[in-house]
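Undergrad: Below are the chains, spelled out letter by letter.
Protein chains: 2
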Amino acid sequence: MALIVQKYGGTSVGDVERIKNVARRIKGMVDEGNRIVVVVSARSGVTNDLIARAKAITPNPDEREMDRLLACGEQETIALMAMALESMGQKAVSRTGAQAGLFTDSLHTKARIVKITGGDILEKLDEGYVVIVAGFQGVNELGEVTTLGRGGSDLSAIAIAASINADICQIYTDVDGVYTADPRIVKKARKIPVISYDELFEMASSGSKVMQARSVEFARKYGVVFEVRSSFNNEPGTIVKLEVPSLESLVVSGVAVDKNQTKVTLSELPDQPGVAAEIFESLGKAGIMVDMIVQNIGRGGKANLTFTVAKDDASKAEQILNEVSGKLGCKVSLTGDIAKVSVVGIGMRSHSGVAGTFFKALAKENINVQMITTSEIKIAVAIDLADADVAANLLHEAFGLDGDK
Amino acid sequence: MALIVQKYGGTSVGDVERIKNVARRIKGMVDEGNRIVVVVSARSGVTNDLIARAKAITPNPDEREMDRLLACGEQETIALMAMALESMGQKAVSRTGAQAGLFTDSLHTKARIVKITGGDILEKLDEGYVVIVAGFQGVNELGEVTTLGRGGSDLSAIAIAASINADICQIYTDVDGVYTADPRIVKKARKIPVISYDELFEMASSGSKVMQARSVEFARKYGVVFEVRSSFNNEPGTIVKLEVPSLESLVVSGVAVDKNQTKVTLSELPDQPGVAAEIFESLGKAGIMVDMIVQNIGRGGKANLTFTVAKDDASKAEQILNEVSGKLGCKVSLTGDIAKVSVVGIGMRSHSGVAGTFFKALAKENINVQMITTSEIKIAVAIDLADADVAANLLHEAFGLDGDK
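Going down the list, the protein sequences come from chains A and B. Going by the working numbering, 174 is the number at position 174 of the first sequence; the sequence numbering is gapless. Going by the working numbering, 91 is the number at position 91 of the second sequence; the sequence numbering is gapless.
No lab work stands behind these hints, which were simulated from the structure alone. Be a bit skeptical, because a hint or two may be false.
Which residues of chain A face chain B? A partial, calculated answer using Cβ under 8 Å [as the list claims (entries may be wrong)]: (1) Ile57; (2) Arg68; (3) Ser94.
From the three backbone atoms N, C-alpha and C, an ideal C-beta is built for every residue, glycine too.
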């Protein structure tokens, strides 16, 4: 008897058979008395095909037209999904992002949500329809289609859940929940039944790619309770909400490993005010996010500045920094041979001794820490890439996260 | 220095290279000082793929969702075409049917145009843009995407040309104009430089499938001058307009052959008022168009009724007629072994002797005529399928249409 928004990603609706399977699942939930809104992505592969065709026309396609092109992928899926439901005797109607009232700014290919009304979704639900909404897309004030960038369909689902005040937003994906660590790295990782936005946010920004940080942030801002779960089974997933009653009094909820970072070192920097600002501003202008930052004052009034960027941004960052370094007279060096390993937990706020446990665990195997950052609910370190998996297992055990078996 | 609407079909925009070729052609015409609106179809094959996917979901897809699905094909093409032009330094912007103000009724998959405003097309042309419009699609009063059915992109182009009062609407296709006869049947067929709507209309409804009769009718109603020409060369095509000054004082403009007809005979019909009406009403309700009709009164007050329907409709027609015949006590027989051969020409209005020339030509080769219909500008006969090509050649020669070489 709940109002539920469900989001299915590209793999879950990858072909006609999978679309039918999802439709059956939806119909089952409607038959139990729930009102369902479904947000879907393009079938897996479709978006890449569209991009390839655009790139074959021109290496730098116009972004407004790119959005028009990309929006086709989701429009196909909503129509097919609505047909599948109708063919099972379940009333269903499809809605584009624009029809669902998802208004964005005009930053084509990475638009930001400005307003979300839900359009006539509630009305259609009252009439007994399942409403199928195209994820990833919105509309700007000129009436042009926009797209929300990576992870956009998750964001659409959460925004729509907020607009209609849904009881829960279920994010169906190819993982079946949030784990205390990546099970491919830590064999004893367990599924977390309930986690807070803040914890998931830190896990996500530390490389647990269950969801883009942006969607988690949006959910937290509007208090949307969501669940990450698998579209290939009926197991409960991980519910994400504001505060989690600490049943097990666990200090740490999970360990995250991010191997997609590059360490950048600027050495022999003049130790003057404004130098760091100049460097980070020029990176920021290019849209490059800087993660961990460490600065040391070296000999002779020269400083070393070290930070990490995403591997994808590394070559762009290097190019920008080479220009800046010429002006500042410093040296630039990059290495991709690092990993960021983090422990995350709301419990850390009220527990002392976390840092002690953390570094003692790493010391066990003589793992050398290159950089450290901390927040209220996180400790993160940069270490040698080769040490990452060992470190994750050590930390998982040290914080009592290992499962019983 | 003209305002031109150009329509490119699925073959002309079939792949990335062809899209680029069309873009180059458009840019060339803009560089000559013309203002260009382009209406495009889906890439050839795309619409069929979408239909196949829908049919794999359910044999009877919901028609509203079918329209949503089919509209994706054109949306892809408009985006790619706009990108291609932009990449050549030509400002271009894409518009959906809805954005171009093409309003239709709600007969999904075969919607009829109710109103066409052109949206902001003229404004964008004034700003120096080429405007690319998705053919085949419109929007109903609920804001739902609709599609116009077969030949819909031609109709879109003509409707848009009407709405912005374009100087000409060029229909680019894989034939290079309208011929005096099908060149595959009549070797001496020639391209017709100028033809009237009425003549093309009769040619089209007689099986010359250059354009759907519906589009020609729309053009005539709103006085849109259009040209049928090839997208693969730069030859002038055939211009279609209201009145054609008869430069060559030709009585007949062309010969059309339609091999896609089935002859239906109802024999031993009671010769009572209302019998024919009952038969044609039941066919009409099923959307079956009846073409040639002949009725004879036979012996004993029984009548024979013979007419033709499109081959595609034959089995549906047979089913309906078997029901009706049971009630009326008549016999139903069908044969697909016929062809309709027509001569068409505005000049026939003011010339006598056309029928004489016509039947004398057929008599030359002892071709037996099974049915005859005439209009002000057309004589059509149903003959044996095997005689069709010979008849077309005889008529082409008899009416002086054979080329010089």
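Undergrad: Can Ser94 (chain A) be said to touch chain B, with a Cβ gap under 8 Å?
TA: 6 Å, holds
Undergrad: Hint check: is the beta carbon of Ile57 (chain A) less than 8 Å from a beta carbon of chain B?
TA: 5 Å, holds
Undergrad: For the restraint on Arg68 (chain A), tell me whether the closest CB of chain B is nearer than 8 Å.
TA: At 4 Å from the nearest chain B Cβ, Arg68 (chain A) passes the 8 Å test, so the hint holds.
When the structure is compared with the earlier hints, no violation turns up for any of them.
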